[in-house]
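Residue numbers (this note's numbering), protein chains in the order written: chain A, 1 to 323; chain B, 1 to 309.
Note that these hints are calculated values from the structure, not bench results.
Take the hints with a grain of salt, since some may be wrong.
[Stated by the list, open to error] Here are the simulated lysine to aspartate or glutamate pairs, EDC-like style, with alpha carbons at most 16 Å apart: (1) B/K200 <-> A/D216; (2) B/K56 <-> B/E5; (3) B/K150 <-> A/E72; (4) A/K126 <-> B/E106; (5) B/K131 <-> B/D147; (6) B/K195 <-> A/D278; (7) A/K240 <-> A/E146; (8) B/K188 <-> A/D216; (9) A/K126 <-> A/D155; (10) A/K79 <-> A/D43; (11) A/K240 <-> A/D278; (12) A/K211 <-> B/D203; (13) A/K141 <-> B/D73; (14) B/K131 <-> B/E106; (15) B/K200 <-> A/E222; (16) A/K151 <-> A/D187; (17) A/K141 <-> B/E106; (18) A/K82 <-> A/E48.
Small disclaimer: the values here were computed from a predicted structure and weren't measured.
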Amino acid sequence: MIELLAPAGNLEMVRAVVENGANAVYVGARGWSRRRDAYELADEQLHEAVGIAHRGGAKIRVAINTNMQSGEIPALLEKMEKYVAWGFDGAIMTDVGAIAQVHRRFPNLVIHASIGANILNNEDVKFYRSIGVTQVVADTKLTLNELASRKVSLDVGIEILIHANKCYTYLGKCWMSPYARLERTADDFGKDLFRGSPNRGGLDYRTCLEKWELFDDQVLLEPEIALKNDAFFYLDDIPKLIRLGVHCLKIQGREYPVPLVAQIVRFYRELIDACSADPAGRPIDLAPWRSRLEAIQAERDAKRANMTLVLLNEARQPVLPRA
Amino acid sequence: MSTFELNTTISNLRSLRESDLRAYDAVYLGNIYCRIFEDNFLERLADLRTGIAQVKEQGLRAYVTSYAAPRNDSLAKVQKALETAVEAGADAIEVHNLGVLRMVHEQFPNMPVHVGGFANVYTDAGAAVLKEYGARRFTPNYEIGLDEVKAITDHAGIPAEILVHGKMPLGVSDYCFLLEYEKQWPEKCPVICQKQLFLKQGDWAMRSVGKGVLSGRDVCMLEHLPALFAAGRNVFRIEAAYESPLYRHEIGMIYRAALERAAAGDGAVDESTWKTIHQHTHVGLCNGFYFGRTGSDYVGSREESLAAQ
Numbered sequence: 001m002i003e004l005l006a007p008a009g010n011l012e013m014v015r016a017v018v019e020n021g022a023n024a025v026y027v028g029a030r031g032w033s034r035r036r037d038a039y040e041l042a043d044e045q046l047h048e049a050v051g052i053a054h055r056g057g058a059k060i061r062v063a064i065n066t067n068m069q070s071g072e073i074p075a076l077l078e079k080m081e082k083y084v085a086w087g088f089d090g091a092i093m094t095d096v097g098a099i100a101q102v103h104r105r106f107p108n109l110v111i112h113a114s115i116g117a118n119i120l121n122n123e124d125v126k127f128y129r130s131i132g133v134t135q136v137v138a139d140t141k142l143t144l145n146e147l148a149s150r151k152v153s154l155d156v157g158i159e160i161l162i163h164a165n166k167c168y169t170y171l172g173k174c175w176m177s178p179y180a181r182l183e184r185t186a187d188d189f190g191k192d193l194f195r196g197s198p199n200r201g202g203l204d205y206r207t208c209l210e211k212w213e214l215f216d217d218q219v220l221l222e223p224e225i226a227l228k229n230d231a232f233f234y235l236d237d238i239p240k241l242i243r244l245g246v247h248c249l250k251i252q253g254r255e256y257p258v259p260l261v262a263q264i265v266r267f268y269r270e271l272i273d274a275c276s277a278d279p280a281g282r283p284i285d286l287a288p289w290r291s292r293l294e295a296i297q298a299e300r301d302a303k304r305a306n307m308t309l310v311l312l313n314e315a316r317q318p319v320l321p322r323a
Numbered sequence: 001m002s003t004f005e006l007n008t009t010i011s012n013l014r015s016l017r018e019s020d021l022r023a024y025d026a027v028y029l030g031n032i033y034c035r036i037f038e039d040n041f042l043e044r045l046a047d048l049r050t051g052i053a054q055v056k057e058q059g060l061r062a063y064v065t066s067y068a069a070p071r072n073d074s075l076a077k078v079q080k081a082l083e084t085a086v087e088a089g090a091d092a093i094e095v096h097n098l099g100v101l102r103m104v105h106e107q108f109p110n111m112p113v114h115v116g117g118f119a120n121v122y123t124d125a126g127a128a129v130l131k132e133y134g135a136r137r138f139t140p141n142y143e144i145g146l147d148e149v150k151a152i153t154d155h156a157g158i159p160a161e162i163l164v165h166g167k168m169p170l171g172v173s174d175y176c177f178l179l180e181y182e183k184q185w186p187e188k189c190p191v192i193c194q195k196q197l198f199l200k201q202g203d204w205a206m207r208s209v210g211k212g213v214l215s216g217r218d219v220c221m222l223e224h225l226p227a228l229f230a231a232g233r234n235v236f237r238i239e240a241a242y243e244s245p246l247y248r249h250e251i252g253m254i255y256r257a258a259l260e261r262a263a264a265g266d267g268a269v270d271e272s273t274w275k276t277i278h279q280h281t282h283v284g285l286c287n288g289f290y291f292g293r294t295g296s297d298y299v300g301s302r303e304e305s306l307a308a309q
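One chain only, chain B, in its complex shape:
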């Protein structure tokens, strides 16, 4: 039995079917940014049932996520997605919005809830409130450092899920600016946001997904896994909702192996994996806000070799 969980994110059934998931223990199903993301699990509930079944058939846990910023007109569909998740045997529901948390707590109190990064858990007092509302796990807001995460887990008594690789969410919008430009481009919605679109100026770069903005650099905690274990972290995410199945698989396998070694006390990074890591990044690596620095900074022994491409 693994002492840790490695999970990832998948937006639709096609991507699930194309993905080799043997590196993972669990999958979050659904796209949190946009209702019209191509065949979003959260809108195609028959696909959601199928997806939950297929994930569980592979021996993984199936979690269903929910929208980062749902307005009133989304709540009816959110309700149906929650009902589907419960009926189809999902292992947990992830909430990024506290109204949705309330809905789950009131209607499905036995369903484990994972509080997502957009729910803005910054403090132990906040985590304690959400625990009373059924939260069994939380992803801290991405702005807080690892020391702050530890302060929360020590006092609130619920475990933290940590993004260890992938592009960190930086913001969510109600407005997809890509729609203003698509008439000039050959690809249209819902294909356009799945391209590798970057907003760049000088050395600043962010990944655009239309209704959301992600970091341009991939968060990479490969050198810091022993520290994460030492601090008591044991739930790890590879953020891949807008990445290829190959990214999901290859990055997953690297982290699976590295986490198993680190859990056994061997924190050395397999040097041969850096080539694959670099192949799967466009503008370099960062550590987000984990070390209390600017989010695009990287801290590690490979700093000098990680100049933006």
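Isolated chain A (complex conformation):
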């Protein structure tokens, strides 16, 4: 049975996604995941989250998927001792060195390669398998054919983002945001939050979504260029992905309000169950699902647009010198 994986940016969301049918939930360790620290959990909350998830029959993974500093890896391993002892079922990671170290220390822990690892081809997958990864989040730009090739030829669990954004650049291979603004600030535990770097600290100012003018040297060519950035909710491809036999369908969205994320999880729970209900595998009529999804999408788009304006405004604030 395909796994429905849901995000949780706080404990309320952990409860909500489990209640709405998620088979698994992922949470970020504060300061260590690809999301702003406001949407990550402190250690005591992570501990509580494990209990909530497991009592609800769901697995839980911890995201530690930033590219940290060399000197931070020992601290990461200390944290992982706790997280593994508490019962986390897996870790979502990006940094090659951190993955190798965590795998060596915890050989039985399931390591999921994050979208931040930007694993693009079958040889890539083999590389990450060799350092201990067994599940890979597929880059959002990959086609169904590429996913099918990966499934057929490689021994790896495939996780597909069914709600996320396709940025202009590849996730994990973009540092436009910190080029515009990077604020090096430490949290109460001394963790550098790298505000502005999605790869190192999770907060991305979305500077790519600015309305750009395009110049040829000093000559204005186009007064408004929009770099492509498509929000997507998979619908038509859900039956195909189920038939393909991918391991997991993943919903992104720790930064959204709890009711909206709960709605998204409930939608996909019911859709997956409907697609899987007929033993003969006959296709279902997706029309009623489409109109339901449109309402969810409209709310999500409005929230995202507001957040983008806030982030772009924040990106223009000066960085105060560090003490």
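With chain A's structure known, arrange chain B on it following the hints.
What follows is chain B alone, placed relative to chain A:
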């Protein structure tokens, strides 16, 4: 024998033939962003053989690069480019993708590998893994500071290559947005991305190369070369894949002279070179993330004179 290496990047044979390379010790051949970049060395393998020979005839080392973001459908061509590089005697292969690293390690274990900036080496532990896969050198991800680079080289035991001048890569895409607009413009692909195209808004500016984004400002470490040497850095790059042969030559000569002086203990910058530096920049200078600051910041004595044009 020089105590350091100065290298640069060249995308195709025409640009190689037009370039005066006497400032350099080595050249990386190939365009990492786009398969249809005009006459990309990585797609025109006869040109690649010729290019390797011509670079080596000039007494320089010839390195062959590879794509920043290769999908499955690129791997067959990547394979042929690797084979060509090995047969033609390239001195090293640069990889930005860890799948390609694996291909080189499995098939050509004696070929030195340079890990490129898009391979995302951020930690000493990461560099150590890649060293086991044949990496002899690495370009750190551009986001990390010089202090972090030192932590990696101290512990992983492989040298770092540092971008000292040129537009820093900021991102790579599978999609060239220029193709949406080219029907309105007189120039078409593959010429369009070689123009000096800038995305601007207020004081933000980035250089667009279609399938990639570079910093609008040129990274310039001219004032900081003694510090780089003191930290043990001795491999330096002038990023010039999308610059003119004149840029490659003039910037190269400035850095050659400055590096030789700094290596001999004289860290003073030749003031007369700033005019040339300014002539070759469109929106000013920066230091990238080397000093732990916003990537477009500049740190140095010339800060006040480096306002965006």
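How the hints compare with the structure:
| no. | hint | in the structure |
| --- | --- | --- |
| 1 | B/K200 <-> A/D216 | holds, 11 Å |
| 2 | B/K56 <-> B/E5 | holds, 15 Å |
| 3 | B/K150 <-> A/E72 | holds, 15 Å |
| 4 | A/K126 <-> B/E106 | holds, 12 Å |
| 5 | B/K131 <-> B/D147 | violated, 20 Å |
| 6 | B/K195 <-> A/D278 | violated, 57 Å |
| 7 | A/K240 <-> A/E146 | holds, 13 Å |
| 8 | B/K188 <-> A/D216 | holds, 14 Å |
| 9 | A/K126 <-> A/D155 | holds, 9 Å |
| 10 | A/K79 <-> A/D43 | holds, 8 Å |
| 11 | A/K240 <-> A/D278 | holds, 14 Å |
| 12 | A/K211 <-> B/D203 | holds, 13 Å |
| 13 | A/K141 <-> B/D73 | holds, 14 Å |
| 14 | B/K131 <-> B/E106 | holds, 14 Å |
| 15 | B/K200 <-> A/E222 | holds, 11 Å |
| 16 | A/K151 <-> A/D187 | violated, 41 Å |
| 17 | A/K141 <-> B/E106 | violated, 27 Å |
| 18 | A/K82 <-> A/E48 | holds, 13 Å |
Violated hints, in rising order: 5, 6, 16, 17; the structure is consistent with all others.
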